[in-house]
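**Q** The lines below spell out each chain.
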Amino acid sequence: MSAHNESILREPLITGENITYSKITNDVLVPVENKPNKAWWIGFGIAVAFALTWVVTISYTFWVGLGTWGLNKTVGWAWDITGFVWWVGIGHAGTLISAVLLLFRQNWRNSINRSAEAMTIFAVICAATYIFAHMGRPWLAYWVFPLPNQFGSLWVNFNSPLVWDVFAISTYFSVSLVFWYTGLLPDIATIRDRATGARRRIYSILSFGWAGSVKNWQRFEAVSLILAGVSTPLVLSVHTIVSFDFATSLEPGWHTTIFPPYFVAGAIFSGFAMVQTLLLIARKVMKWENYITMFHIESMNKVIIVTGSIVGVAYLTELFIAWYSGVEYEQYAFLNRISGPYWWAYWSMMTCNVISPQLFWFKKIRTSIWASWVLSIVVNIGMWFERFVIIVTSLHRDFIPSSWVMFYPTVVDVLLFVGSIGVFFTLFLLFLRVLPGIAMAEVKLILKSSSDQAKQKLIREGKVDPEQAEFYKNSLEKYDSVSKTEYANI
Amino acid sequence: MSNVKYILGHFEDPDDLMHGIEKLQENNVGIYDVYTPMPIHGIEEKLGYKRSRLPIAAFCFGLTGTITAFSMIYYMLVYDWPMNIGGKPAFAMPNFVPITFELTVLFAAYGMMFTFFYANHFFPGRAPRVMDLRATDDRFIIAVDAKANPYPDKIENLLKDAGAVEVKHNERKYVSYE
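If you read the sequences in order, they're chains A and B. Numbering of the first sequence is given in this note's numbering, commencing with residue 1 and proceeding in unit increments. Numbering of the second sequence is given in this note's numbering, commencing with residue 1 and proceeding in unit increments.
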């Protein structure tokens with residue numbers, strides 16, 4: 001049945017009074033059906049300015065070549081691969097929310113999965129730009145695929161983790177796109193059936209003819225579940241394979257078996273931070289406080305503490321193993337990270353990723369919007385430093401001291417990175433304008449079981465144990481979308 | 001006889017909708033289809049729809065992906081152009097695992113998606129077969145074929161008794177999308 005009663009002890013996933021199915025549609029479609037507000041234009045203007053910077057710098061890079069970057073003969077990977085791994089990692093939260101949380105029946109994913117999946121797609125696009133750019137001759141990018149060629153069909157080397165990475169990233173992008181778009185069909189149909197004129201025609205094409213019949217929905221649910229099932233191992237494999245790019249080499253600091261789980265945890269960590277960064281603003285600007293509630297924010301913060309702590313344990317394990325291995329190159333690589341010329345990068349990483357997320361153990365901080373937002377930015381910065389530390393401080397001093405150098409980024413390096421953030425935000429802001437940022441059908445699904453009004457009704461009707469009702473009321477304290485005075489009288 | 005083709009019962013609540021289906025079934029009124037803005041769990045069993053076979057299709061596509069990937073890598077690396085890399089065997093099976101896995105997932109996902117589109121007749125630009133515009137917004141709609149069940153008043157009463165907020169007698173099957 002659609003409306004089984006959920007335990008009263010669970011916090012509500014939808015707050016607000018008189019929420020009806022049509023109110024959900026209206027609230028979610030406000031940005032899609034109306035002219036954008038000032039906040040959107042300001043954000044979009046800034047994002048486009050950065051995106052144009054990206055266009056200019058990437059064009060310059062393609063025109064002139066990789067000499068525009070700060071790379072040298074020792075440090076052959078730096079900001080490019082740092083940016084690539086950073087963006088791919090950010091993408092992981094979207095798939096985690098949409099796939100893993102679906103398998104675990106975590107209903108709070110329903111109102112954040114759509115934006116998170118969109119974020120995944122845009123983040124992987126940004127990551128892909130680095131892949132193309134770092135090839136140096138992007139017009140030969142098809143060489144990474146096993147295509148018949150003029151060299152008597154000399155195939156690509158399938159023993160190379162870089163080739164695995166090509167397959168992993170392209171599969172990841174393709175499957176995420178399918179997952180996202182299939183999920184969007186019913187919501188696009190909703191926009192279509194409310195629109196008129198040219199908008200109706202456009203959304204009609206995009207909706208693929210969705211009608212919402214029993215068979216449509218039955219197959220839709222089967223597809224969602226199976227896609228979630230295959231995406232779960234996929235998302236874990238993708239960052240595992242990204243970590244193989246490093247771990248299968250012999251470079252001190254890279255050649256470690258801990259990399260796959262450590263990278264996956266880091267990816268989820270940074271991805272959730274980016275979801276927080278985006279949604280805390282989106283819920284405010286779009287007035288979605290009733291759908292993306294404090295419970296969602298707190299749950300995401302809890303995921304951030306867990307994954308941040310896993311990452312912290314991984315850092316300490318790396319240090320211990322480097323010492324315990326007795327390999328002097330390995331030992332030096334880590335000594336150099338901690339106290340070498342890039343000590344500030346290492347300690348920024350440690351502070352941002354390991355120490356500051358521990359603040360979320362305090363409920364006050366975990367349920368504060370400002371603190372959550374600031375810490376999510378801190379985590380994003382920390383995770384960028386993590387990749388920088390792994391890549392640059394390992395490469396710049398490895399086996400032969402005569403080859404030791406420092407890496408200095410050029411203006412192009414910096415602008416390319418800042419610009420890619422602009423590209424990401426431009427795409428995300430456009431997404432919010434043309435497609436529903438909250439999966440309407442999925443939120444409607446939980447309205448009768450998990451909303452505050454449904455739970456209040458049960459309390460009013462005396463269907464729940466008063467002690468549990470009291471517990472429930474107390475759990476609403478933290479909600480910024482629930483007014484406490486109204487609660488006094490039930 | 002009237003020109004009414006379909007009778008649509010509009011419900012505001014999914015539980016009332018389920019009740020309406022029960023009522024119609026008790027009175028042997030055939031239900032053409034049900035249109036809802038969200039999935040209703042348990043409705044397929046009630047209406048006697050069979051379990052979807054899409055997961056089987058997904059498995060078969062996945063298996064195709066596994067076989068394709070493995071045989072492709074085997075052909076290229078072991079049969080067509082084996083390379084001597086430090087004297088290691090050309091058939092380095094563990095190295096085949098990542099790409100075999102990725103292509104399994106890719107084939108399963110895309111194969112299932114296209115099967116899903118094919119089974120539902122979905123494609124970009126298809127004219128939507130929508131009976132009522134609010135079925136994708138806030139109304140849960142039972143459609144009854146009026147020609148097969150030529151007793152509109154009885155159907156209307158049954159639907160209203162079950163909690164339908166509105167009953168429509170439509171002379172056109174679908175909302176025009178021209």
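Source of the hints: derived by calculation from the structure; they are not laboratory data. Where hints are given, some of them may not hold.
[Said to hold, decoys possible] Chain A regions said to be covered by chain B (calculated; three or more residues, Cβ under 8 Å): (1) 167 to 175; (2) 213 to 220; (3) 231 to 244; (4) 262 to 270.
C-beta atoms are modelled at their ideal positions from N, C-alpha and C, and glycine is treated no differently.
**Q** Next, verify each hint and record whether it holds.
**A** Comparing the hints with the structure gives:
Evaluation of the coverage hint for the stretch 167 to 175 of chain A: fulfilled, as 5 residues show C-beta separations to chain B shorter than 8 Å, against a requirement of three. Here the stretch 213 to 220 of chain A counts 8 residues with a CB under 8 Å from a CB of chain B, which clears the bar of 3, and the coverage holds. Residue count for the stretch 231 to 244 of chain A with a Cβ under 8 Å from a Cβ of chain B: 6. That meets the three needed, and the coverage hint holds. Under a criterion of three residues with beta carbons nearer than 8 Å to beta carbons of chain B, the stated coverage of the stretch 262 to 270 of chain A fails, only 0 such residues being counted.
Comparing the model with each numbered hint stated earlier shows that hint 4 is the single one that does not hold.
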